[in-house]
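Colleague: Required output: the full structure, derived from the provided sequences and hints.
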Amino acid sequence: MIGVGGGLLSGLLGVGGGIVMVPLLVLWAGYAQRDAHAASLGAIIPISLASVATYGVAGRVHPWEAIALAAGSIGGARIGAGALARLDDRRLKLVFGLFLGAVAVLMLVRR
Amino acid sequence: MTGVGLYAVLVAFGVVTGAAAGLLGVGGGTLMVPFLTLAVGLSQHAAEATSLLVVLPTAIVASIVLHRRGVGNLPVALRFGAVGAAGGVLGALAALALPGPTLRLIFAAFLLLVSARMVRDALVSR
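Those sequence lines, one after another, are chains V and X. Residue numbers for the first sequence follow the working numbering, so the first one is 1 and each next one is one higher. Residue numbers for the second sequence follow the working numbering, so the first one is 112 and each next one is one higher.
Quick caveat, the hints were computed from the structure, so don't treat them as lab data. The C-beta atom is built at its ideal place from N, Cα and C for all residues, glycine as well. Hints should not be assumed to be uniformly reliable.
Between beta-carbon pairs, the in silico distance windows are [to be verified]:
| # | chain 1 | residue 1 | chain 2 | residue 2 | range |
| --- | --- | --- | --- | --- | --- |
| 1 | V | Ala-32 | X | Gln-155 | 32 to 38 angstroms |
| 2 | X | Ala-220 | V | Arg-91 | 24 to 30 angstroms |
| 3 | X | Ala-205 | V | Leu-106 | 20 to 26 angstroms |
| 4 | X | Arg-180 | V | Ala-29 | 17 to 23 angstroms |
| 5 | X | Ala-150 | V | Thr-54 | 23 to 29 angstroms |
Modeller: Below, the structure is given as structure tokens:
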């Protein structure tokens with residue numbers, strides 16, 4: 001249910017699935033914060049694969065920009081995931097909560 | 112921005128996005144799409160398609176790191192995502208039929224509520 005809901009909302013709103021899945025997993029499914037973040041990251045793999053396929057990414061991707069960003073983000077992902085494995089749930093909740101608040105404000109500001 | 116400078120900025124922004132994505136359990140598209148449209152000047156569609164291609168390796172690397180450290184359950188998460196992918200196709204179709212601004216407003220309200228709840232929980236459970 002949450003998988004479908006997360007995918008549905010992400011397709012609907014053009015946001016990554018994680019921003020929807022993490023709150024649903026924590027508040028409805030009762031996941032611990034850290035487990036919710038890990039489950040969300042794993043779920044993003046097939047979801048983004050499907051999106052890449054449906055988007056007909058071909059003509060639209062800017063390949064060099066994508067490669068440069070990915071080169072950085074692969075290194076960053078190690079740092080972030082390492083921090084996720086270490087931080088306690090209370091801190092994770094606080095950081096994630098503040099991130100959501102910032103995204104919400106951004107969505108309201110730039111329509 | 113053009114040339115080497117642009118690519119240096121992109122790599123640096125990639126590091127920040129990847130770290131945030133790995134920590135927060137999100138793909139990073141929320142950060143990358145505004146950056147690619149506003150700072151790099153790509154169109155909305157080009158930014159979304161480009162960002163999707165970056166999200167994929169980011170999530171794979173973060174998942175491998177977490178799996179090695181014994182955090183979460185990767186096979187379950189992958190199955191969960193396979194179901195979600197079906198929802199994503201439905202959502203993309205529905206998005207074409209519904210008024211965008213209203214949706215964004217409702218979603219932003221949902222995020223604000225969740226945000227307030229999480230910050231409160233974090234502070235209360237001290």
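Colleague: Using the beta carbons of X/Ala-150 and V/Thr-54, state whether their distance is inside 23 to 29 angstroms or not.
Modeller: Given range 23 to 29 angstroms: holds, Cβ gap about 27 angstroms.
Colleague: 17 to 23 angstroms was suggested as the range; check whether the CB atoms of X/Arg-180 and V/Ala-29 agree with it.
Modeller: holds, 22 angstroms
Colleague: If you check the beta carbons of X/Ala-205 and V/Leu-106, does the distance land in 20 to 26 angstroms?
Modeller: Roughly 23 angstroms apart at Cβ, these two residues keep to the hinted range, so it holds.
Colleague: With 24 to 30 angstroms as the target window, see if X/Ala-220 and V/Arg-91 comply at their CB atoms.
Modeller: At roughly 26 angstroms between Cβ atoms, V/Arg-91 and X/Ala-220 fall inside 24 to 30 angstroms, so the hint holds.
Colleague: Is 32 to 38 angstroms respected by the C-beta to C-beta distance linking V/Ala-32 and X/Gln-155?
Modeller: holds, 36 angstroms
The structure fails none of the hints (numbered hints given earlier).
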